[in-house]
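Start from the sequences, fold in the hints, and give me the full structure.
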Amino acid sequence: MHATYLLINFFSVIVPFLFSFHPALRFYIHFKAFLAGNFITTACFIAWDMLFTCQKVWGFNDTYTLGYKLYNLPVEEVLFFICIPFACVFTYHCLTTFYKISWPHRPEKIVILVLSLLLLSAGMVYLNRLYSAVTFISTGVLLLTLKFVCKVNWLPRFLTIYPLLLIPFFIVNGLLTGTGLQQPVVWYNNAETVGIRVLTIPVEDFVYGLELLLVNLFFYERFKPVFKVTASRFF
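Just so we're aligned: the sequence shown equals residues 1 to 235 in UniProt numbering.
Rather than coming from a laboratory, the hints here were simulated on the basis of the structure. All C-beta atoms in this analysis are idealised placements derived from N, C-alpha and C, irrespective of residue type, glycine included. Careful, some of the hints might be misleading.
With a Cα cut of at most 27 Å, we get these calculated DSS-like pairs of lysine-lysine [said to hold, decoys possible]:
| # | residue 1 | residue 2 |
| --- | --- | --- |
| 1 | Lys228 | Lys32 |
| 2 | Lys56 | Lys224 |
| 3 | Lys109 | Lys32 |
| 4 | Lys147 | Lys224 |
| 5 | Lys56 | Lys69 |
| 6 | Lys147 | Lys228 |
| 7 | Lys151 | Lys224 |
| 8 | Lys109 | Lys224 |
| 9 | Lys151 | Lys109 |
| 10 | Lys100 | Lys224 |
| 11 | Lys100 | Lys151 |
| 12 | Lys100 | Lys32 |
| 13 | Lys109 | Lys147 |
| 14 | Lys151 | Lys69 |
| 15 | Lys32 | Lys151 |
Pair ranges (Cβ atoms, derived) [to be verified]:
| # | residue 1 | residue 2 | range |
| --- | --- | --- | --- |
| 16 | Met124 | Lys151 | 23 to 31 Å |
| 17 | Val125 | Leu166 | 32 to 40 Å |
| 18 | Leu113 | Asp62 | 40 to 48 Å |
| 19 | Leu117 | Pro23 | 42 to 50 Å |
Structure, rendered in structure tokens:
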């Protein structure tokens with residue numbers, strides 16, 4: 001069905017969008033901060049996406065898209081970079097609203113250093129695999145930059161919440177990579193990955209998703225004070 005990718009985006013975002021107006025959550029007051037940050041993030045990831053599509057690192061099945069494109073990307077792929085981060089940042093907002101999440105400084109530093117070094121090492125090992133190398137190395141560098149250059153204070157909260165975000169991730173990315181469908185919506189060139197999949201999902205996607213959300217959250221947190229408004233009831 002040509003609307004498959006569009007429907008995956010729609011059902012990923014509709015519940016978080018509607019609950020954004022719940023009086024206990026009021027995520028709608030942060031819409032401007034999210035959209036401003038997401039615009040920058042989406043522009044970067046679309047450029048990456050277009051380049052890798054040109055190089056046939058991945059591609060899209062026209063059977064599951066409407067046929068409208070931005071250069072070589074289906075419009076549904078562009079919407080993916082808005083809908084999925086929105087749902088995830090909304091979830092982050094909800095959990096951090098109701099739960100205080102923090103780590104001691106030393107364990108936080110160790111976890112980020114170890115995770116970054118593992119990613120950088122994996123990227124160097126798989127330098128001949130374009131998706132693996134670029135994703136692992138860029139995410140490792142990003143984590144180190146956020147912690148030691150930008151000195152953000154929300155990494156422990158996000159890294160605690162990220163495993164929970166993997167639950168809907170399995171559903172959405174599973175569908176996109178072919179779980180439950182006759183063919184994948186998004187296909188990957190196995191020559192550019194390590195060749196390991198969880199169900200139908202390449203392991204690189206887990207790191208790619210981590211990087212996508214880290215960049216979105218970085219700009220979201222930076223723009224929140226800029227677009228700060230007095231919270232009030234929507235209705």
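Going down the list of hints, with the structure as the test:
{"no.": "1", "hint": "Lys228 / Lys32", "verdict": "holds, 9 Å"}
{"no.": "2", "hint": "Lys56 / Lys224", "verdict": "violated, 37 Å"}
{"no.": "3", "hint": "Lys109 / Lys32", "verdict": "violated, 31 Å"}
{"no.": "4", "hint": "Lys147 / Lys224", "verdict": "holds, 19 Å"}
{"no.": "5", "hint": "Lys56 / Lys69", "verdict": "holds, 16 Å"}
{"no.": "6", "hint": "Lys147 / Lys228", "verdict": "holds, 24 Å"}
{"no.": "7", "hint": "Lys151 / Lys224", "verdict": "holds, 17 Å"}
{"no.": "8", "hint": "Lys109 / Lys224", "verdict": "holds, 25 Å"}
{"no.": "9", "hint": "Lys151 / Lys109", "verdict": "holds, 11 Å"}
{"no.": "10", "hint": "Lys100 / Lys224", "verdict": "holds, 19 Å"}
{"no.": "11", "hint": "Lys100 / Lys151", "verdict": "holds, 19 Å"}
{"no.": "12", "hint": "Lys100 / Lys32", "verdict": "holds, 24 Å"}
{"no.": "13", "hint": "Lys109 / Lys147", "verdict": "holds, 8 Å"}
{"no.": "14", "hint": "Lys151 / Lys69", "verdict": "violated, 38 Å"}
{"no.": "15", "hint": "Lys32 / Lys151", "verdict": "holds, 24 Å"}
{"no.": "16", "hint": "Met124 / Lys151: 23 to 31 Å", "verdict": "holds, 26 Å"}
{"no.": "17", "hint": "Val125 / Leu166: 32 to 40 Å", "verdict": "violated, 24 Å"}
{"no.": "18", "hint": "Leu113 / Asp62: 40 to 48 Å", "verdict": "holds, 44 Å"}
{"no.": "19", "hint": "Leu117 / Pro23: 42 to 50 Å", "verdict": "holds, 44 Å"}
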